[in-house]
Amino acid sequence: MTTNFPQAESAAVSPLVAAPGHATAPGVRVKDLTVVYRTPLGELPAVGGVSLTIEPGTITGIVGESGSGKSTLALSLLNAVQPPGRIKGGSVEIDGLGDVVKLGGDELRQARGRHLGYVFQAAQNSLNPLKTVGKQLLDLGRSHGVDDLRALVRDAKDLLERMGLDGARVLDSHQHELSGGMRQRVGIMLALVLNAQLVILDEPTTALDMITQATILRIVREVHKERGLTTLMVTHDIGVAAEVTDRLAVMYGGRVVEHGPTMEVLGAPSHPYTRGLIRAIPRLSGDIAEAQALPGRPPTLGTLPTAGCVFRERCPLRMDICETVDPRPLTHDRRTVACHAVERSHSTAEQEEYA
Amino acid sequence: MITGTGITKTFKQRGDVLGGRDVRALRGIDFAIEKGGAVSFIGESGCGKTTLGRIIAGLESWDSGEIVIDGTPMSSLRPRRRQPYFRKIQLIHQDPYSALNPTRTIYQTLQAPLALRARQAGRPKSWIGERAEELLSLVGIDPGYVLGRYPHQLSGGMRQRVVIARALTVDPEMLVADESVSMIDVSMRLSILALLKDLRERLGVSVLFITHDIATARYIGAEGELYVLYRGQVVERGLTESIITGPVHPYTQSLLSAIPVLHGLEQPGPERVVPTEALDERHADEGCLFARRCPFRTERCEKERPALVRGVEVAHERACFHPQRRSVIPVEAVA
Chain S
1 MTTNFPQAES AAVSPLVAAP GHATAPGVRV KDLTVVYRTP LGELPAVGGV
51 SLTIEPGTIT GIVGESGSGK STLALSLLNA VQPPGRIKGG SVEIDGLGDV
101 VKLGGDELRQ ARGRHLGYVF QAAQNSLNPL KTVGKQLLDL GRSHGVDDLR
151 ALVRDAKDLL ERMGLDGARV LDSHQHELSG GMRQRVGIML ALVLNAQLVI
201 LDEPTTALDM ITQATILRIV REVHKERGLT TLMVTHDIGV AAEVTDRLAV
251 MYGGRVVEHG PTMEVLGAPS HPYTRGLIRA IPRLSGDIAE AQALPGRPPT
301 LGTLPTAGCV FRERCPLRMD ICETVDPRPL THDRRTVACH AVERSHSTAE
351 QEEYA
Chain C
1 MITGTGITKT FKQRGDVLGG RDVRALRGID FAIEKGGAVS FIGESGCGKT
51 TLGRIIAGLE SWDSGEIVID GTPMSSLRPR RRQPYFRKIQ LIHQDPYSAL
101 NPTRTIYQTL QAPLALRARQ AGRPKSWIGE RAEELLSLVG IDPGYVLGRY
151 PHQLSGGMRQ RVVIARALTV DPEMLVADES VSMIDVSMRL SILALLKDLR
201 ERLGVSVLFI THDIATARYI GAEGELYVLY RGQVVERGLT ESIITGPVHP
251 YTQSLLSAIP VLHGLEQPGP ERVVPTEALD ERHADEGCLF ARRCPFRTER
301 CEKERPALVR GVEVAHERAC FHPQRRSVIP VEAVA
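Heads up: the protein sequence lines correspond to chains S and C, in order. Read in order, the letters of the first sequence are residues 1 to 355 in this note's numbering. Read in order, the letters of the second sequence are residues 1 to 335 in this note's numbering.
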């Protein structure tokens, strides 16, 4: 297994508008996105003013615990947040599509599938149990007005075979005849078969065995490279993200608290949450005593503080300012971090430089 | 405290779409778990680890072989008479969201088994409440906060602690934790593992830990024992640390190789092993069960089944004709 992962060649990719069929990897710019859910306590923000730039051609990981807003953010990229949730403000600019928050109706339906492929959390359960995979593929083709259905089936077969499956057999199978790893690959095939160039994978390896997980991750990496995609992977497992992504965004309480190149974020995490999260991973080597769980628990929509830093309850670096002021995300050396303590240490470091 | 020899279990499947195949879940497994010991079963889904765990917890019957609990062979007893023995072994369910009755408060959940205990031991009613509080404190939650609440008002981590507290109401000698942390948020997983370790050290409860993730097995106890199961057979067995640092069976090596590498902190092991095929239950039952997927198989592997024996190259047992140490686990990255 090769383990060098492709560094983004973003400079070589043109961000120009591309027609489906011969598309290039699109970039994504999320600005001040706020997504709220209506609850008996009023509208509560699951995603609170997130800004995130995804460079074309990269694999970006969005990591967070349950309730961090990672899946809501991913659904927003398709403008597919379901009631009682709604996108309250901000924009999601995708190259070739414009602001998807403003899209609706048929335009939006065509964009999903053609431009945006989504591999659902538990792809195991997202297939229709009554229809063979092939029939579902044809449904997908018809609903997107594909003229040449034969070619579509051929592409699907090629993709499945590329992922190490017997294409003809899988297309003739119902979902119960396929294993978890096979269904996941079917999910990836359905997301890619209409030539989507932006692919979002939501927890693609949850509920899979270790070895199957490794296989799926390898496939994601290879397909990403071969088809020149922009890939977004949402996961709660920082190890999974570490294995495949080249950029990592860490979410907590509806904010992106840290974003940067994966190697750097893991090698030298800045935000105290990222540091704690990495320390909490059970590992195969090193001193067991060094690994520690983060104290406390992640906030839910109801317990999210309305002012100040969302992480302060669990933070070892908590200061007075954290109670009242929500830290702004600041970029420093390719790394974006939203933390008062980190901000302060940068500013003192800079002052020392000039002293 | 509990030993098993030659345990087998076959699940009969009726003729449905798959054509009525019998599934051989366990093919003659030996195990021994001492009082206060820590044992982990690892393997992919379908390897038999959960079935074996359920048999050990008294929730499943077995076809042949003998289980001995505290010196009493279970075959000498009628199923009903086995109950007091198996009550000492409590299963902690995988999913803390469905393991608790949503219509009962935490107090009611703990009260039922405690009331029975109180009646049996002739204790006063006041003991029930005291004991419930004691148990909740023991698993690290504030009794005042949770006793009057319903499960949906608690986080996954808290629920899992309540499930553990409920298991402790019957004063078990052993806890069987089946994938107990897989549904808990990453930042809190280690605290549940630490709790199990702590209960073991403080109360002398044995822990049987069932998982597909070897890395978590390390945290249950340094001197713990690891069983690697594959298609109903133990393929490697020994001290957890010995197997992690010196795995010799290609299947164990595949499992260890599949653990994600934390790039930036670690580098992949130089000799990572990738199985040549995916797991397929329909693979032949002759020879070594892993042969079809093994990159190192020889003709002998397809004809003969290797036995689980102590090796010369490492201080643990393995069932392989060509055992060889390989460096598969991630190594610390050099800064």
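No wet-lab data here; the hints were simulated from the structure. The model shown is predicted, which means the values in this text are computed figures rather than measured ones. Please note: incorrect hints may appear among the correct ones.
Label pairs and their calculated CB-CB ranges [what the hints assert, rightly or not]:
no.: 1; chain 1: S; residue 1: 164; chain 2: C; residue 2: 23; range: 48 to 58 Å
no.: 2; chain 1: S; residue 1: 88; chain 2: C; residue 2: 282; range: 22 to 32 Å
no.: 3; chain 1: S; residue 1: 140; chain 2: C; residue 2: 144; range: 51 to 61 Å
no.: 4; chain 1: C; residue 1: 12; chain 2: S; residue 2: 53; range: 51 to 61 Å
no.: 5; chain 1: S; residue 1: 177; chain 2: C; residue 2: 36; range: 43 to 53 Å
no.: 6; chain 1: C; residue 1: 95; chain 2: S; residue 2: 349; range: 24 to 34 Å
Covered by chain S, according to a simulated footprint, are these stretches of chain C (three or more residues, beta-carbon under 8 Å) [stated by the list, open to error]:
no.: 7; stretch: 51-63
no.: 8; stretch: 76-88
no.: 9; stretch: 171-178
no.: 10; stretch: 189-195
no.: 11; stretch: 242-255
no.: 12; stretch: 298-309
Which residues of chain C face chain S? A few of them, derived with a C-beta cut under 7 Å, are [stated by the list, open to error]:
no.: 13; residue: 45
no.: 14; residue: 154
no.: 15; residue: 155
no.: 16; residue: 183
no.: 17; residue: 219
no.: 18; residue: 223
no.: 19; residue: 224
no.: 20; residue: 285
Using N, Cα and C, we set each Cβ at its ideal position, and we do this for glycine too.
- prompt: For the pair residue 140 of chain S and residue 144 of chain C, does the Cβ-Cβ distance stay inside 51 to 61 Å?
  reply: holds, 54 Å
- request: Identify whether the interface hint at residue 183 of chain C stands, where standing means a beta carbon of chain S within less than 7 Å of its own.
  value: Violated - the Cβ of residue 183 of chain C stays beyond 7 Å from chain S, reaching only about 10 Å at its closest.
message: Verify the CB-CB distance for residue 95 of chain C and residue 349 of chain S against the hinted window 24 to 34 Å.
response: Hint violated: Cβ distance 47 Å, outside 24 to 34 Å.
Satisfaction of the hinted span 43 to 53 Å by the C-beta atoms belonging to residue 177 of chain S and residue 36 of chain C: Since residue 177 of chain S and residue 36 of chain C have Cβ atoms about 46 Å apart, the given range 43 to 53 Å holds.
- prompt: Should the hint that residue 12 of chain C and residue 53 of chain S are 51 to 61 Å apart at their CB atoms be regarded as holding?
  reply: Holds - the Cβ-Cβ distance for residue 12 of chain C and residue 53 of chain S, about 57 Å, lies within 51 to 61 Å.
field: Interface hint status, residue 219 of chain C versus chain S (Cβ within 7 Å)
entry: holds, 6 Å
query: Checking C-beta pairs, does the stretch 171-178 of chain C have three or more residues closer than 8 Å to chain S?
result: violated (count 0)
- prompt: Is the interface hint for residue 154 of chain C satisfied, with its Cβ closer than 7 Å to some Cβ of chain S?
  reply: Because about 10 Å separates residue 154 of chain C from the closest Cβ in chain S, which is outside the 7 Å limit, the hint is violated.
Claimed coverage, the stretch 189-195 of chain C by chain S - three or more beta carbons nearer than 8 Å: Coverage by chain S holds for the stretch 189-195 of chain C (5 residues, Cβ < 8 Å).
task: With a C-beta cutoff of 8 Å, work out whether three or more residues of the stretch 242-255 of chain C approach chain S closely enough for the coverage to hold.
output: holds (count 3)
field: Within 8 Å of chain S's CB atoms, at least three CB atoms from the stretch 298-309 of chain C: coverage verdict
entry: n = 0 at 8 Å, threshold three: violated.
message: Next item in the hint list is residue 285 of chain C. Is there a CB on chain S closer than 7 Å to its CB?
response: violated, 19 Å
Hint compliance for this structure: hints 1, 2, 6, 7, 8, 9, 12, 14, 16, 18, 19, 20 are broken, all remaining hints hold.
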